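Chemist: Now for the letters of each chain:
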Amino acid sequence: MYNSSNIIDYVIDAWEKLQEQAPLVQCITNSVAANYAANVLLAAGASPAMIDNPFEARSFTEISGALSINVGTPTTEQIQAMQISAKTAHEHDIPWVLDPVGYGPILKWRSDMVDELLQYHPSVIRGNASEIGALAGSLVQSKGVDSTLKSDEMFQLAHNLLTKTSCVAISGETDYILSNAMTCIVKVRGGSHLQPKITATGCALGTLIAAYCAVAPVHLATIAAHIHFAIAGKLAYDQAQTIGSFNTMFMDYIHMMDANLIEQYACIELISDD
Amino acid sequence: MYNSSNIIDYVIDAWEKLQEQAPLVQCITNSVAANYAANVLLAAGASPAMIDNPFEARSFTEISGALSINVGTPTTEQIQAMQISAKTAHEHDIPWVLDPVGYGPILKWRSDMVDELLQYHPSVIRGNASEIGALAGSLVQSKGVDSTLKSDEMFQLAHNLLTKTSCVAISGETDYILSNAMTCIVKVRGGSHLQPKITATGCALGTLIAAYCAVAPVHLATIAAHIHFAIAGKLAYDQAQTIGSFNTMFMDYIHMMDANLIEQYACIELISDD
Amino acid sequence: MYNSSNIIDYVIDAWEKLQEQAPLVQCITNSVAANYAANVLLAAGASPAMIDNPFEARSFTEISGALSINVGTPTTEQIQAMQISAKTAHEHDIPWVLDPVGYGPILKWRSDMVDELLQYHPSVIRGNASEIGALAGSLVQSKGVDSTLKSDEMFQLAHNLLTKTSCVAISGETDYILSNAMTCIVKVRGGSHLQPKITATGCALGTLIAAYCAVAPVHLATIAAHIHFAIAGKLAYDQAQTIGSFNTMFMDYIHMMDANLIEQYACIELISDD
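Line by line, the protein sequences are chains A, B and C.
Counting in the numbering used here, the first sequence runs from 4 upward without gaps.
Counting in the numbering used here, the second sequence runs from 4 upward without gaps.
Counting in the numbering used here, the third sequence runs from 4 upward without gaps.
Some clues are possibly wrong.
Note that the list lumps identical chains together, so a pair holds whenever it fits in one copy or between two copies.
In silico DSSO-like pairs for lysine-lysine, Cα to Cα no more than 27 Å straight-line [stated by the list, open to error]:
1) Lys20 <-> Lys111
2) Lys190 <-> Lys200
3) Lys237 <-> Lys111
4) Lys200 <-> Lys237
5) Lys20 <-> Lys237
6) Lys167 <-> Lys190
7) Lys20 <-> Lys200
Simulated from the structure, these hints should not be mistaken for laboratory data.
Predicted, not measured: the structure shown is a model, and the values here were computed from it.
Using the sequences plus the hints, can you model the full thing?
Modeler: Here it is, written out as structure tokens:
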């Protein structure tokens with residue numbers, strides 16, 4: 004049985020494994036996030052590689068510890084690479100994370116492609132409440148990339164998705180993580196209200212989940228990545244109240260994370276999932 | 004009749020509307036600017052979305068408050084998206100900004116495409132003196148992306164463009180804004196000599212113009228964006244004389260802009276346009 | 004005959020020419036590096052232009068002072084642009100730098116293309132030990148983008164490449180530069196262990212080599228770029244021990260480099276090349 008205390012122990016364990024193994028994480032991501040996500044992964048201890056062409060997708064996924072797919076600004080070649088890499092990951096039991104940016108009827112091309120990718124059973128689906136809601140078949144419409152619903156209204160919808168994936172993460176002011184491996188929903192608090200003012204934060208979180216998935220069970224990896232982000236966001240904000248300085252310090256705390264900080268600042272809550 | 008005082012009042016009004024409405028701004032921009040421009044728009048209060056594929060261009064432009072097109076590093080798919088989105092914006096009276104990066108005979112592919120886009124009547128054309136000069140049919144040649152002419156030699160040329168667009172902005176050490184809606188040319192001073200040392204500054208300014216166009220008349224929106232940039236640049240430089248720190252503080256002041264700062268630091272001059 | 008002292012004099016001379024001439028440097032680079040490399044070039048005194056489409060490649064290379072090709076995240080259109088620009092540079096004696104990111108059997112598409120590009124005789128090939136080793140025909144396999152071999156085990160292998168290029172640079176904790184124009188190998192020390200934690204550092208170094216090649220002989224240009232980077236890295240680290248602050252200060256010192264700093268901090272060693 005999971006409780007707040009043993010989950011935090013598992014998270015510390017995952018963080019330590021991330022440092023030891025520095026797993027190779029293939030990222031197929033958008034043009035806005037590419038640099039930022041690579042820097043977050045390096046700072047966190049992973050080895051990112053942005054291999055996003057269809058001609059090398061298969062061979063590279065095969066040697067990767069995990070795969071992160073983000074559909075923010077897809078090109079035709081990236082779409083092809085996503086399909087090949089997701090299929091390859093599925094065949095080789097390599098964990099992979101799907102970030103369905105902007106999912107909804109307005110952005111039909113990517114949304115159709117996300118639907119197709121579900122056949123390769125993503126290990127984790129991460130999005131904001133609007134994206135997860137739309138993907139879960141709700142009537143909620145995703146207005147571009149904004150999150151228009153409160154996360155706490157959404158997590159019930161997310162259950163539908165657990166037939167398609169092992170874990171669902173709804174990111175927002177408070178994060179919610181659902182998994183077939185847990186009978187509860189895990190709420191992660193922390194972060195800073197400045198984070199949504201910095202682009203690609205969610206995208207980078209998606210790649211960090213993938214990194215943790217390379218070294219820990221999927222649901223614990225997802226929780227670990229959210230806690231890692233939330234603590235770094237909280238500590239950065241404690242020292243820097245402006246966007247620019249916050250951004251610098253956020254990257255610092257992603258890098259300076261350690262077992263003590265996780266122990267001291269992780270703020271999670273387990274809520275019964277009925 | 005416009006004068007410096009009432010223009011600044013309109014600018015403050017535009018800034019307030021930007022905060023209230025957080026308009027969705029579609030950006031089709033270059034690989035260098037994507038992250039930076041998104042962060043500038045978020046910091047300024049807008050909601051950026053980098054939708055740049057031809058398959059979603061129409062449906063996304065239809066729901067956007069404004070559109071920004073920058074031809075810095077175009078791909079074939081982006082070129083297609085630009086044409087679709089510009090056409091859609093024109094049909095739906097959605098304001099759109101054209102940033103003809105590198106326009107001139109050396110970069111013929113994009114320049115031909117810029118010529119084609121003019122049929123969709125961009126609300127604003129923003130560029131440096133060399134780009135605006137070349138686009139205006141002058142004999143001035145654009146040497147790559149550099150600005151080789153002084154802005155003050157150029158603004159007469161820019162008048163030719165006012166048959167193709169409602170507003171022309173020539174960015175440089177001093178900015179010049181021309182519009183059919185004004186009988187004068189507006190000069191905006193401020194900024195810092197460090198700004199040209201940071202890539203994509205002009206590109207980000209183009210997207211900020213688009214954001215303001217979603218909430219204010221085109222010519223006032225263009226002035227507002229330039230003033231917003233100039234004040235942030237001046238205040239950042241007052242505190243930080245090096246590139247790295249300047250860049251951090253510039254983003255901070257883009258975010259911390261308010262009516263008082265605009266009132267206190269806006270530095271414009273109206274010059275007779277004969 | 005070169006010695007440490009006259010090499011440093013040549014480097015100072017190259018740096019001064021870079022400031023005077025601000026050469027136009029065409030960069031065909033990856034999506035992670037585009038913004039960062041452009042900012043490094045601007046900070047260092049060059050004029051970067053990221054022209055990476057096949058339709059403008061020829062005309063733009065013809066007016067460029069140097070060309071930098073990096074195969075980090077290639078698209079089909081970029082691959083075409085690389086071939087056209089490399090051929091054009093070769094025909095017009097414009098120096099060009101090849102950065103074979105991830106070269107090896109896992110990433111076959113780009114590696115085949117790198118092999119093809121060698122026919123246009125790159126002025127400099129820059130990579131980490133693993134990439135240079137793989138390209139030199141060794142049995143060393145490149146695991147993604149990591150460097151798995153010590154540089155000092157590699158420099159002998161690099162000699163094989165001097166039939167294909169005028170200069171080979173192996174970047175790592177210590178950098179090694181080999182050239183047909185020198186009977187010795189030049190070791191450059193400095194930098195900081197934080198540099199590998201910031202993505203695209205190597206890519207940006209490749210573009211800086213190109214910038215120096217526009218104003219100085221190829222082997223001295225390559226040494227100059229490595230010294231410029233190493234000093235900026237060392238001085239930044241002396242003041243900032245965390246990633247975020249280091250990154251800010253690194254850009255500052257790239258910009259604030261001058262003859263005195265080069266004189267005072269350049270740390271090179273000439274080793275006999277038998």
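Chemist: Give a verdict on every hint.
Modeler: To see whether the hints hold, each was checked on the structure:
1. For the homomeric pair Lys20 and Lys111, neither the shortest alpha-carbon distance inside one copy (39 Å) nor that between copies (31 Å) is at most 27 Å.
2. Taking the shortest alpha-carbon separations for Lys190 and Lys200, only the intra-copy value of 22 Å comes in at or below 27 Å, while the best inter-copy value is 31 Å.
3. Taking the closest pair of Cα atoms, Lys237 and Lys111 never come within 27 Å of each other, the shortest separation being 36 Å inside a single copy and 43 Å across copies.
4. Both within a single protomer and between protomers do Lys200 and Lys237 lie at most 27 Å apart by alpha-carbon distance, with minima of 15 Å and 22 Å respectively.
5. With identical chains, the CA atoms of Lys20 and Lys237 are at most 27 Å apart within one copy only, with a shortest distance of 23 Å there and 30 Å across copies.
6. Taking identical chains as interchangeable, the C-alpha atoms of Lys167 and Lys190 lie at most 27 Å apart only when both belong to the same chain, with a minimum of 21 Å there against 54 Å between chains.
7. Taking identical chains as interchangeable, the C-alpha atoms of Lys20 and Lys200 lie at most 27 Å apart only when they sit on different chains, with a minimum of 18 Å there against 31 Å within one chain.
Figure legend: structure checked against the earlier numbered hints; hints not met, in rising order: 1, 3.
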